[in-house]
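Mind docking chain F on chain U? Use the hints.
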Amino acid sequence: KAGVTQTPRYLIKTRGQQVTLSCSPISGHRSVSWYQQTPGQGLQFLFEYFSETQRNKGNFPGRFSGRQFSNSRSEMNVSTLELGDSALYLCASSLASGTNEKLFFGSGTQLSVL
Amino acid sequence: KQEVTQIPAALSVPEGENLVLNCSFTDSAIYNLQWFRQDPGKGLTSLLLIQSSQREQTSGRLNASLDKSSGRSTLYIAASQPGDSATYLCAVRSGGSYIPTFGRGTSLIVHP
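Heads up: the protein sequence lines correspond to chains U and F, in order.
Each residue of the first sequence is one higher than the one before, starting from 12 at the first, in our numbering.
Each residue of the second sequence is one higher than the one before, starting from 1296 at the first, in our numbering.
Isolated chain U, as found in the complex (with noise of 0.2 Å):
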């Protein structure tokens, strides 16, 4: 069983441009979520998708969004970039949206902001 796969694993982008990250969960995973690792802030929690819908948002500006497709693969954008947004951003997929529900990661996507 192909892992979460995410496109694409290195961007380069500069200030001001807006990015699309992909998400491709495990096959018959109906939720995605994501996710921005720093060194300075660690892992955070950006959003959740459940069936299409948002169920969850993290502590992030609007600039931060998503969406997710019938198939149950997800995209991510952020528009204007700032050189804070320079991070790895990962994705989880899960079975469901619940509590006991168990993540799988994929190798995330590096993004350099200059």
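Read the hints as simulated data drawn from the structure, not as lab findings.
All figures in this text were calculated on a predicted structure; none of them were measured in a lab.
Hints may contain errors.
As the list claims (entries may be wrong) - Keeping only pairs whose Cα atoms sit at most 27 Å apart, straight-line, the calculated DSSO-like set for lysine-lysine is:
id	chain 1	residue 1	chain 2	residue 2
1	U	Lys113	F	Lys1296
2	F	Lys1337	U	Lys113
3	U	Lys113	F	Lys1363
4	U	Lys68	U	Lys113
5	F	Lys1296	F	Lys1363
6	U	Lys24	F	Lys1296
7	F	Lys1337	U	Lys68
8	F	Lys1296	U	Lys68
9	U	Lys24	U	Lys68
Said to hold, decoys possible - Some residues of chain U that are not near chain F, with every Cβ distance over 12 Å (derived):
id	residue
10	Gly27
11	Ser62
12	Gly73
13	Arg74
14	Ser90
15	Thr91
C-beta: ideal position from N, C-alpha, C; glycine also.
Positioned in the frame of chain U, the structure of chain F alone reads:
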């Protein structure tokens, strides 16, 4: 607000040693706790998931315990190997939205 602390931040041990990694959380009303390992620049690999009703979980050389009343979990690694070198993170699900809160991790180096 849930806070998760992992001590020590870094650990260096010789191969073959048994070791314990710690994870502490402030709100004991958790749903579950999950241990991960992360290799440099990579994603997280799930190691063990302990539900709130469980006391421990085992997988191979790994054993994770959970004591909700004291707000602690430990990850025991037996007979450590150089391939165990990685950062180990714990994540706790709690609160009405069950959003996971992660610790900052323990960076482990096992030298031959």
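Of the hints stated earlier, which fail here?
Violated hint (a single one): 6; every other hint is consistent with the structure.
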